[in-house]
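A.B. asks: Here is what each chain is made of, one letter per residue.
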Amino acid sequence: MTQVLYMDRLKTADILPQPVNLNQIDDSPGPYCMSYGFDTAPLVGSIRRIGLTNSPILARKGEGGGEIEFVVVAGFRRIKALKALGETHIPCRILPPETLPRKCLLINLYENLTIRDFNPVEKGMALARLLEWVPAEEVVKTFMPLFDLPSHEETLHVFVQIETELERQAKDLIASGDLSTKAAKLLLEMDSAVREGFCRYFSIIKFSKNQQVQFIGIIDDLSRIEDNAIVRLLDDPELTDICDNEQMNNPQKARALIALLRSRRLPHLVKAEKGFRRMVEKLALPPGYQITPPPFFEAPYYRLEISFKNGKDLMDKLLILIKKEGLVTLEDPWGKSL
Amino acid sequence: MVNCHIKRTLVEEGSEKSSISRRILGRVPHTSLAEPPGLTAQDSMGKDTLHLLSYKGEFLKPCPGTKEYICCGYQILNVATNCPLDCSYCILQSYFLRQPYLRIHVNLEENLGAILAFIDRAPEQIVRVGTGEFADSLALDPLTRWTDILMGPFSERKNAVLEFKTKTNQIDGLISSPYRDRIIASWSLNSPLISATEEKGAATLKQRLEAARRCQAEGFAVSFHFDPLIPHKGWREGYLRTIDLMDRYLKPNGIIWISMGSLRFMPDLKPIIRKRHPGTAILDGEFVTGLDGKARYFKPIRIELYQFMRQNLEKWHSDLGLYLCMESDEIWGKSMGWSPGDSKGLKGFLDDRVVRIFK
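Taken in sequence, the protein lines are chains A and B.
Start counting the first sequence at 1; every next residue gets the next number (my numbering).
Start counting the second sequence at 1; every next residue gets the next number (my numbering).
To be clear, the hints were calculated from the coordinates, so they are not data collected in a lab.
We put the CB at the ideal spot given by N, CA and C, even for glycine.
Warning: the hint list may mix true and false statements.
Claimed, not checked - Chain B is faced by these chain A residues, among others (derived, beta-carbon under 7 Å):
(1) Leu269
(2) Phe296
(3) Glu298
With the rest of the complex left out, here is chain A:
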C-alpha cells in the first residue's frame, strides 16, 4: 500500500500549479482537513519572507457549488495564511476530476505527517475521516501507529469521539494542551452541560494532567455521594471563591481546589493527615528533621529524615531526638476509633 501511495505522490507532484482565485476556494474545513487550533502567524511570516514553497492541492467541487469551485485537499493552513496576506490569486495543483475521495484524504494525511505533529483533536479528525473510507481494522493496525497511538480499538474510539462529540471549547483546550486526552476521555462520559462546566475551570486554572483527572474524578464521586448535580457542585462558592482569589497564583489555586475536594471525598484520611502533622509540630523539632507518614498511611512504617554534616552532627541530632519529650506518644493519628 505504501508503494502504491508513493507512485501516486509522484503523479501528484507532476501536476503543474496554476493560478486560482482565492474566492473560488472553499476555506471551511472540508472533508480532508486535518488542521485544528493552529496559529497562522508563523506561516504568514514565512511566506512573507520567502514566498510559497509548496503549492496547495485542490479538488474540484461537484456541481452546485456556485462561485466556489474548489475544495482544499492539502494546504488548508497555507490558504489561510495567503488570505491573511491579502493575496487574491495563488498557484495551486488541481487534482484530476476522477481522483477518489480516499486518495485525496491519503494525499493530505501523508503530506501533513511528513512536516508536522498532530494535536489530539487533529488526530481525531484524521482518524474519523479515515474511517469513512478505510475499514476500522486497517485504521487501527496501519494508521494509528503513524499518529504515535497504540493500535487499540478503544483508543480509536476515544479519538474519534473527541472529534465528533466534543464541543468547540473542549476541543480548543485539547488542541492547546490545556486538557489532557485522559481527562477528555472522562468528559466524554458526561453530558455537554457538565463538560462545559469543567471546561470553564480548565480554561482558567492550569491543572496538571494528573490534577485534571483527579478534579473530574472527585467531582463525579461527590456528585453521586452527595446526590448533587455536577453542574451545581462546580458552582459551589467554596470552589469559585478559590478561582476568584487574587492572592493565589494559578498552581496554588489548582492545589487548593484539589485539597478542598479531597477533604470532602476522603474526610477520614485528610483528618488523619492533619492530625499527624499536628503531632509532629507538637514535637517542635529543630530544622533538619522530617517525619512523614507513608502514602495514605497504608504501609506500616513512618519515615524519619535527618540532614547532617558529619557523624558528630548526626549523633548530636539523634541525642536531641531521643531526649525529645512526647516522642513516644507519636502514633497512628486516628487513635482507637474513627
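Using the hints provided, position chain B relative to the given structure of chain A.
C.D. replies: Using the frame of chain A, we list chain B on its own:
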C-alpha cells in the same frame, strides 16, 4: 435453574466430543456449533452464552496474591471463567472484559491426572484447592457436573481439600454424591442489603444458609467468606443480622473457616462498575491506593470492619477459623488480636484446621 438463562452455546472446534460438552449439549436447548465471534457483548459480558473450549493453560495455579499482603496459599482449580451471577463488585468484570461468555474448560477430565499428580507429589503438604475464584463453583454445576468429576478423586486424598465456593443454592450435585471427606461446601455471605442490591442473580441469604444447613446435615464441612465487606448505611446492624441468621441455620462447630476481606479493586474496574451498575453505591467508600496498587478502604476503616466482625462472630463461637484475605500483618494484629506473621504462617493455620476437621 441457570439453564433457563443460557440462550446459546458456542463450541470450539473439537471440543464437542468431550464428556462435559456432551453432557451440557444434551441439556441446553439452544445450541449452535460455531466459532466464537469477536469481542462483543462487553456490557453483558455474554452471561447468557456458554462457550465450551479446551483450556490451554495449567488447570491448577496458586492464588495470585501479592507480597505486600498476607495470602492464604490457596490453589485455584481453573474449571471455568466468568459467572452467570452479576455482582456489582466482581473483579472478573475487568479480568475477563475481553474474554466474554461463560467459558467452560471441557478438557478438565483429560487434565485431572496431572492435577492429582501435583497433589500426590508431596503427600506431607496439605493442598487447599478451590474452583470458586474465576467462576462460581456451583452455579453451573447442574450443567457441568463438576461435582461428579472432582469429588471422588479429592475425597480419596488425605493431603488435599476441595472447596466449592458459591452464592447459589445449587447443591444437588454435592448432596447426591457419595463423597463427603475432604470436600468443603462454602458460601460467600454479606449483609442483607448488599446481598439484595449488589449480588444480582445470587440466591438470597436465607436460601444460601438453608443450603449450608442441608450440607451440614448431610455431613459436609462448611466454610464462609465475608468478602467483600462493604461499609454502608447501617452496616453494623446488617452484618449482625447475617451473623444472627448463621446462628439460626448452622452449627458453628462444623465450620472449617470463615474468611474476611474488604472491597478492593484495580483502578480499571471502577469505570466498568460505573457503566455496568450505574445505581451502585459500593464506590462511595473512602478508598486509597494500597501497596499492591488496588483501591482499598482507608486502613482504620478496614480495622474497624474486621474488629467488629471478629468480635461478633467470636461471640457466636470461639473457634471458627477466622482469617483475613490479603491483609497486612499490621491489620491482622490490630483487628484480629494476633497475626500469622506472613503467608506461610497463614497457610499453616489453615492447614491445621484441615487436619483437625478431617481427622
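A.B. asks: Does each hint hold? Answer for all of them.
C.D. replies: Here is how each hint holds up against the structure:
Contact between A:Leu269 and chain B, as hinted, is supported at the beta carbon level, the nearest pair being about 5 Å apart and thus within 7 Å. With a cut of 7 Å, the hint placing A:Phe296 at the interface with chain B holds, because the nearest CB-to-CB distance is about 4 Å. Taking 7 Å as the C-beta contact cut-off toward chain B, the hint placing A:Glu298 at the interface holds, the least distance being around 6 Å.
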